Amino acid sequence: MQVYLPIAELSMNLFFLVGIGGAVGFLSGLFGVGGGFLLTPLLIFSGVPSSVAVASVTGQVVAASTSGALSYYRRGQIDLHLSIYLVLSSILGSFLGVWIFGVLRALGQLDLFISLGFLILLGFVGTLMMVEAVRSILKRRAGIVVREKLPNQHNWFHGLPFRVRFKKSRLYISVVPVLLLGFCIGVVGALLGIGGGFILVPALVYLLRVPGNMVIGTSLLQVVAMMAATTILHAVTSQSVDIILAFCLMVGGTVGAQFGASAGKYLRGEQLRALLALLVLAVAIRFGVSLVIPPSNPFSMAVMGIGGAI
Amino acid sequence: MRRLLIALGFGILASGADAEQLVTQVSSEEVAITSSFAGQTLTLFGTIAPEAGSEQKFVEGPYHVVVTVTGPLQRRVARKMTNAFGVWINTEQAVYEEFPSFYQVLSDAKLDTITNPVTLAETAIPLDSPSIGKTSAPYPQSQLFRGELVKLMERKGLYRLNEQGVIFRSDTFYFAQVVLPSDAPPGPYIAHTYLFKDGEIIARKTNGFSVRKIGFERFLGLASRQQPLLYGLVCVVLALFTGWLGGVVFRR
Chain A
1 MQVYLPIAEL SMNLFFLVGI GGAVGFLSGL FGVGGGFLLT PLLIFSGVPS
51 SVAVASVTGQ VVAASTSGAL SYYRRGQIDL HLSIYLVLSS ILGSFLGVWI
101 FGVLRALGQL DLFISLGFLI LLGFVGTLMM VEAVRSILKR RAGIVVREKL
151 PNQHNWFHGL PFRVRFKKSR LYISVVPVLL LGFCIGVVGA LLGIGGGFIL
201 VPALVYLLRV PGNMVIGTSL LQVVAMMAAT TILHAVTSQS VDIILAFCLM
251 VGGTVGAQFG ASAGKYLRGE QLRALLALLV LAVAIRFGVS LVIPPSNPFS
301 MAVMGIGGAI
Chain B
1001 MRRLLIALGF GILASGADAE QLVTQVSSEE VAITSSFAGQ TLTLFGTIAP
1051 EAGSEQKFVE GPYHVVVTVT GPLQRRVARK MTNAFGVWIN TEQAVYEEFP
1101 SFYQVLSDAK LDTITNPVTL AETAIPLDSP SIGKTSAPYP QSQLFRGELV
1151 KLMERKGLYR LNEQGVIFRS DTFYFAQVVL PSDAPPGPYI AHTYLFKDGE
1201 IIARKTNGFS VRKIGFERFL GLASRQQPLL YGLVCVVLAL FTGWLGGVVF
1251 RR
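Note that the protein sequences, when read in sequence, are chains A and B.
Residue numbers for the first sequence follow the working numbering, beginning at 1 and rising by one.
Residue numbers for the second sequence follow the working numbering, beginning at 1001 and rising by one.
Hints listed in this document are in silico derivations from the structure and should not be mistaken for laboratory results.
Since the structure is predicted, the reported quantities are computational estimates derived from the model, not experimental observations.
It is possible that some hints are incorrect.
Pulled a few chain B residues facing chain A out of the computed Cβ check, cut under 7 Å [as the list claims (entries may be wrong)]:
{"no.": "1", "residue": "1037"}
{"no.": "2", "residue": "1076"}
{"no.": "3", "residue": "1078"}
{"no.": "4", "residue": "1089"}
{"no.": "5", "residue": "1090"}
{"no.": "6", "residue": "1149"}
{"no.": "7", "residue": "1220"}
{"no.": "8", "residue": "1231"}
{"no.": "9", "residue": "1232"}
{"no.": "10", "residue": "1243"}
{"no.": "11", "residue": "1250"}
Here are some chain B residues the structure puts well away from chain A; computed CB gaps all over 10 Å [stated by the list, open to error]:
{"no.": "12", "residue": "1070"}
{"no.": "13", "residue": "1131"}
{"no.": "14", "residue": "1162"}
{"no.": "15", "residue": "1201"}
Just so it is clear, CB atoms sit at the ideal spot from N, CA and C, and this is done for glycine as well.
With the rest of the complex left out, here is chain A (with noise of 0.2 Å):
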């Protein structure tokens, strides 16, 4: 069944759209990720304009994260002091990464950014999460008893000025990498159309050392209310997000997410981490290699501006 996409002028199929969304979201439900990073690329390969995907999956990517977000919070695992901070500074990040969107959308080279920041990006955490994955399920294999590093070990930049302290994650930190933390992934977020969940849990665990327990809440109320924000900030300056698009990535990432959390309990975690570095470096590769290798048509077009009639 056809269902006509109003901001993309195109018409898609409906079951390949929920069916898309419903298995990203599995994914998502299954690794605690918001799946943008997968969704995105998936629609511009089957032939959603770049600008449109990516507007677009920022608005599943609110549905998919606020069922998870709302269920740690009513288990009390939300860090909402730290939180705070992480919004902030990434919807001004946000605001940064929209204007650079639409710079490079005039400048015609928004696909090959987008193609270049997710080759560098997944390239680098994947590779970093398949090393800590694989160490860790050596070390299982081996005996060994890994002991959790523990949340009071500082780094250097911990000891920054403005030290604040977070109650629930029992941190006295400073601040300033919290702020530049939060921006950073505001931006890349808002390029990029990802919640950035797959960075910020990394960064959240092994920079900032905020406890386990409080991580997966944190980092998804993080990506809901930034995502919130990139979606009004590429309806107001890009007029490309697709509310029909979106609804049909919502409805079957919503499903999808439920089902992918539950399988995920069957997994353990170092193992889970192992197979989300494969599918994070997979994507990586496929943009690394339609970098590199010569395109079937070295020509390819676009239309300027803002839609035409409507």
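Given chain A's structure and the hints, the job is docking chain B onto it.
Leaving out everything else, chain B in the frame of chain A:
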């Protein structure tokens, strides 16, 4: 100007002797884009009749009919990738103003058997006519990029030359079917019909139709342009609600 008037005068005199006129019609003047829009086929049909008020009682062929359908004009850019430092990036581009977003040519025989290249060029019928789209790009580049743009549009199904597209049902009655794909841009469309006899255009006719979103699709399109802030807020509320509902429904 005067020369044109004289030419026109001669034209009228010349066609007075044996004058044909085209009577044409489009099957629907408004194509509505609804939520289930998956493209539509339009029929352009017409008949060749003696000019009103002329002595003639019947017309004699053989005739050829060429129909062109032009969609709303856009500002379109063609870009070329080159390899820089091992990475393929867009380096050259040419911007075309008033470039038709949709262009199809239908005829009942091969264009070059219907008429000579000069007439074809004057009427700008062929897909890659230099008069399609205005550009500030310098000459060789402007032609090259236009050609590539047309090829890309052909691949998307928006441009097409169909030399069996016009079918004669009798000596004077023809019809032509135009396929609008699902991503046909909304806006005004113009259909030009040219009647050829012995390689000369002896009559022409213009019909218009419009493709427009109606109902909810139109409402959404308008809202995203006119109330972008509200539109964005509604998207977010919808997302939050969907997420919340998903959590409630599946909570065990």
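Here's how the hints hold up against the structure:
1. 1037: holds, 4 Å
2. 1076: holds, 6 Å
3. 1078: holds, 5 Å
4. 1089: Given a least distance of 5 Å, the restraint on residue 1089 of chain B holds.
5. 1090: holds, 5 Å
6. 1149: holds, 6 Å
7. 1220: Holds - the Cβ of residue 1220 of chain B comes within 7 Å of chain A, reaching about 5 Å at its closest.
8. 1231: holds, 5 Å
9. 1232: Result: holds, 3 Å to nearest chain A Cβ.
10. 1243: holds, 3 Å
11. 1250: Since chain A brings a Cβ to about 4 Å from residue 1250 of chain B, closer than 7 Å, the hint holds.
12. 1070: For residue 1070 of chain B, whose nearest Cβ neighbour in chain A is about 14 Å away, the distance exceeds 10 Å, so it holds.
13. 1131: Per Cβ check, residue 1131 of chain B is outside 10 Å of chain A; nearest 19 Å; holds.
14. 1162: holds, 22 Å
15. 1201: Fine: 30 Å to the nearest Cβ keeps residue 1201 of chain B off the interface.
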